Amino acid sequence: METLFFLIVAAIAVICSLMVVTNKNPINSALSLIMTFFCLATLYVMLEAPFMAAIQVIVYAGAIMVLIVFVIMLLNIKSEAGRRTSHALFMGISVGLLLLVQTWYLLVKSSLSSVRGTVDSAMISKVGHTELIGKSLFTDFLLPFEITSILLLVAIVGAVVLSKKKL
Amino acid sequence: MDTIAIPAINLAVIAPEVVLSVVAMALLLINVFVKSEQKGYLGYLSIAGILGTLLMLIPAWGSSVEGFSGTIIQDNFAIFFKVIFLISAAMSILITDKYLEREGCNQGEIYPLILFATVGMMLMASGTDLMTIFLGLEVLSVSLYVLAGFNRNNIKSNEAGLKYFLLGAFSTGFLLYGMALTYGATGTTKIAKIASYIAMNGVSSSNLMLVAGMILMSTGFAFKVAAAPFHMWTPDVYEGAPTPMTAFMSVGPKAAGFAAFARVLLVALPALKPEWSSLLWVLAVLTMTVGNITALYQQNIKRMLAYSSIAHAGYILVGFTAGNAVGTAGILFYMLSYAFMNIGAFAIIILVGKKGEENSNVSDYAGFGYRHPVLGIAFCIFLFSLAGIPPAAGFIGKFYLFSGAIQAGYIWLAVIGVLNSAASVYYYLRVMVFMYFKEPTEDFEWVKLTPAFVLCLLIAVIGVLVPGVLPGLFLELAQKAVLM
Amino acid sequence: MVSLNFYLVLSAILFAIGTIGVLTRRNAIVIFMCVELMLNAVNLTFIAFSKYLGNLDGQIFVFFVMTVAAAEAAVGLALMIAYFKNRESIDVEDMNLMKW
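Protein chains in written order, with numbering that gives the first Met the number 0: chain V, 0 to 166; chain G, 0 to 483; chain A, 0 to 99.
Hint data in this document are derived by calculation from the structure and do not stem from the laboratory.
Treat the hints with care, since some could be wrong.
[As the list claims (entries may be wrong)] Computed cross-link-like contacts, DSS-like style, restricted to lysine-lysine with a CA-CA straight-line distance of at most 27 Å:
id, chain 1, residue 1, chain 2, residue 2
1, G, K97, G, K38
2, V, K134, A, K84
3, A, K84, V, K125
4, G, K479, G, K155
5, G, K353, A, K84
A quick note: this is a predicted structure, and the numbers were derived from the prediction, not measured.
Take the sequences, apply the hints, and build the full model.
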């Protein structure tokens with residue numbers, strides 16, 4: 000039952016991501032991408048990561064995609080005139096297929112780490128996923144968390160410098 | 000409700016980064032109150048901040064301190080690289096001010112952005128967790144995208160910024176996928192734990208997930224250090240970006256990429272050495288050859304130096320392939336001297352250029368050596384060093400890189416490196432031929448030297464000649480900073 | 000429980016589709032969306048590993064990837080707007096001011 004549900008969601012995700020790549024109109028691409036993000040959020044719930052699912056919807060599908068759709072509207076981009084040169088097309092598809100074959104081969108021939116952590120379903124349902132993430136973020140990964148504040152500051156300054164009307 | 004036990008935080012480890020970020024944030028605030036003709040003073044303030052950071056680093060030399068539950072370390076290796084980053088940032092800031100005035104985009108935000116980029120590089124050099132390295136890399140890259148497109152009324156600069164952004168984000172995808180697979184294969188993102196897991200469980204080349212992770216991470220890093228065949232963005236971005244930023248980009252970020260790359264390969268994945276050294280062998284040969292051969296055909300001097308910087312990444316990869324103490328010390332020494340010679344050369348290019356940079360073709364340098372004898376000699380010193388001719392520092396650096404390769408048994412790699420180095424002499428000499436043996440074609444605009452430029456050139460000349468003539472001290476420092 | 004390999008294969012497929020998109024599309028915004036698709040594929044890998052390894056490091060990593068994606072989106076779209084103002088196009092095949 001769970002596998003069936005996974006397969007349905009996965010199929011929708013793959014179809015939507017193919018539409019991102021093939022659609023000529025950027026707005027349609029953006030909408031398909033949002034659909035893919037929702038499918039991924041569903042999968043995160045299945046993987047017992049409800050907090051990640053929530054921020055996937057809020058941050059990705061919400062904030063980032065709204066920004067992208069806004070810019071597409073602002074620039075009033077028409078549909079693409081044509082494809083890239085056949086040379087680029089060939090390169091792209093061959094690199095993509097190569098990656099895929101490589102990953103397939105890799106899955107057959109490799110093993111996951113044998114060290115198992117302490118976080119399991121029982122713990123997640125008892126303590127709560129958000130609390131676990133929060134604890135980890137403010138203890139073990141405090142430094143990376145602080146670095147993101149610098150990163151966001153740089154992004155704000157950069158965006159202002161590049162697009163402020165009069166400096 | 001139970002409280003969270005915050006683990007011991009060792010603020011001393013990140014003190015240099017904190018100081019530099021605080022200076023950058025203060026500059027952002029001060030910038031609001033400074034009139035546009037006086038933005039240059041912000042540059043001097045940022046240099047003061049950099050000097051302060053340098054002073055904090057020096058007493059830390061010789062110790063190795065970890066902090067923040069193993070996500071960061073301050074050891075000799077990190078300190079050596081941090082000094083390179085700080086020097087290159089300071090030298091680039093010295094030549095930024097007049098350039099921005101000339102191009103009419105004198106905005107004070109450029110100085111905080113350079114400082115933030117430097118903070119990103121410092122985090123990359125000292126990060127011991129894949130997350131720290133990744134976030135440091137992103138702080139660096141996001142600042143660089145903006146710096147490349149900083150001259151936003153110039154269409155070439157726009158194009159450079161956008162190209163760099165698209166390809167940089169693309170390469171980030173590969174780097175991340177590699178990190179994800181490494182995490183899956185070892186169950187951790189901490190570099191020390193990855194190494195101990197591999198050592199304990201004896202997995203190495205048999206586990207393809209780990210190998211694939213290593214290859215994908217190498218691809219990501221190769222993009223960042225501009226190694227062939229992932230170098231395509233380099234010439235366009237270097238040509239289009241504002242010249243002081245090109246100088247900055249060609250030194251610091253490259254060194255930062257190599258620092259993080261070295262830590263990942265040498266500390267986390269020494270078990271995969273047979274795999275990664277053969278991968279790097281191919282990368283090194285390709286990078287050197289493609290860089291040098293394409294540089295032979297360039298008319299634009301910024302593009303020529305872009306290809307030459309690709310070739311230099313190749314030489315450094317030679318030392319990397321060797322993976323022994325001599326090769327690694329060679330990398331450190333070479334990066335240090337490369338910072339001086341490359342920024343020096345770019346400083347001269349800025350002096351010769353006009354608004355809109357019409358004077359960036361090699362033929363524009365006709366007669367330059369007679370019009371400005373002192374500048375001509377300085378430029379020759381930088382070019383000699385880039386070509387690897389003694390007594391400049393570039394020669395000693397190359398000597399160590401190649402002898403590291405020979406010691407590790409890669410005779411052919413060293414031979415190819417020496418041949419490449421010989422070929423590169425041609426295009427550096429061509430500039431000198433124009434400078435001294437060709438009549439000037441047009442009236443030369445008088446080069447306006449400011450004290451800041453003089454200081455930058457002076458530092459660069461000293462930095463090229465002193466390690467070249469007296470390499471002992473610097474090599475000793477580099478050997479103490481080696482990761483093994 | 001769904002096997003880990005299902006998730007890994009799905010994310011590999013999404014990653015490959017994203018890569019193909021980046022290399023074959025001409026519109027800079029669509030290329031950026033394809034990069035986002037690649038990053039999401041990586042996120043799925045991280046979360047799947049995190050679940051099957053029973054430690055949260057992977058999910059923390061995803062948290063940071065999302066932050067990075069947001070920062071890149073802000074700067075990237077600003078660059079595109081700056082470029083569009085001067086060029087009236089964001090087609091990457093038009094980015095040919097500098098060649099050889």
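Outcome of the hint check:
Among the hinted pairs, G:K97 with G:K38 is consistent with the structure: their alpha-carbon atoms are about 10 Å apart, no more than 27 Å. Between V:K134 and A:K84, the direct Cα distance comes to roughly 45 Å. Violation of the 27 Å bound is thereby established for this hinted pair. In summary, the hint linking A:K84 to V:K125 is not supported, as the alpha carbons are separated by about 54 Å, beyond the 27 Å threshold. Straight-line distance between C-alpha atoms of G:K479 and G:K155 comes to about 43 Å, which puts the hinted pair past the 27 Å bound.
Taking the CA atoms of G:K353 and A:K84, the gap is about 25 Å. The hint holds against a cut of 27 Å.
The structure does not agree with the numbered hints 2, 3 and 4 stated previously, though it agrees with the rest.
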